[in-house]
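Make a model of the complete structure from these sequences and hints.
In my numbering, the protein residues as written are 7 to 267.
Calculated from the structure, these hints are not laboratory results.
We put the beta carbon where it would ideally sit given N, CA and C, even for glycine.
A hint or two may mislead.
[Said to hold, decoys possible] Across the chosen pairs, the derived CB separations fall in these ranges:
1) 46 - 234: 20 to 28 Å
2) 246 - 74: 43 to 51 Å
3) 116 - 225: 31 to 39 Å
4) 174 - 116: 14 to 22 Å
5) 203 - 46: 34 to 42 Å
6) 107 - 24: 21 to 29 Å
7) 110 - 37: 31 to 39 Å
8) 174 - 23: 23 to 31 Å
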Amino acid sequence: MSATLLAVVIALVLGHTWQGVRQLRNVDWYLAWNDWLLQHRSRGAGWTFALVLLPPLVLVALVQAWLGLLLFGLPAFLFALLVLLYSWGPGDLDGDVEAAIDAEDPVAREAALARLGVAAPAGVGEPAKLVDAVFQGALRRWFGVLFWFLVLGPVGALAYRLLVVSAEGPARVFLEGREHDVAATVLRVADWPVAQLMTLGLALAGNFDRVLATWRDWHAGGASLDPGFVLAAGRACVDAQVDEEPLEMLDDGVRPTSRPA
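See the structure below:
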């Protein structure tokens, strides 16, 4: 377990400091694999999605098992670190958020918003869309990969990364009908425990009552695999922080500026 946590820390540091990490996380090989399979398999059946996802995962599992037998597991640790570093991202979420906030011209802002997954110009409701994009990015870029790495090792991290690429990324064009439905469902299943833990973290670190109320409201209609409740919880936390700012300013002896009507 200590080796796993060390790999996570190293991957975090490299992801924040290494400028070329986005190029490392290229998925062209996976797109080429999808394209080749498109010419050699039947279409439409949901089970055929396994033909896309399983071969690279089996290969990673076999390499990891073999390396674990060498040099007291050091090669296996380095391989797991490499897979985790590859699966994280693809870009630095902190950097993308800062770029969107600090952009000084419309072109730069549009590019930064696109990296966050926000269609620009966002127009009315842009703050809420930005909040959603940040928490969606945290789920898909950070915590989803981290959770499945801790549970299943490098196979889990890569599986989650490829699921995102297939269900919502550039490989989506290779899936039709039932295949894409299966990929999207598997991704929702993979997201669900991660979103629950993220929501719990928001409740403990932010406004517990608002997050709990938002979580209850979301699930009032029954059980659902849709992880969108973590986005709603994120908006609730941000709204609570905004509402509390005037009170904090008064406590510090600062008179807040009145809000526009």
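Here is what the structure says about each hint:
At about 36 Å, the beta-carbon gap between residue 46 and residue 234 misses the expected band of 20 to 28 Å. Distance hint check for residue 246 and residue 74: the Cβ-Cβ separation is about 46 Å, which falls inside the suggested range of 43 to 51 Å. The supplied range of 31 to 39 Å is met by residue 116 and residue 225, whose beta-carbon atoms lie about 36 Å from each other. Our hint of 14 to 22 Å for residue 174 and residue 116 holds, since their Cβ atoms are close to 20 Å apart.
Between residue 203 and residue 46 the beta carbons are some 39 Å apart, a value that agrees with the proposed interval 34 to 42 Å. Distance hint check for residue 107 and residue 24: the Cβ-Cβ separation is about 22 Å, which falls inside the suggested range of 21 to 29 Å. Between residue 110 and residue 37 the CB atoms are about 34 Å apart, so this pair conforms to the stated range of 31 to 39 Å. For residue 174 paired with residue 23, a C-beta distance near 28 Å keeps the hint of 23 to 31 Å intact.
Of the numbered hints given earlier, the model fails hint 1 alone.
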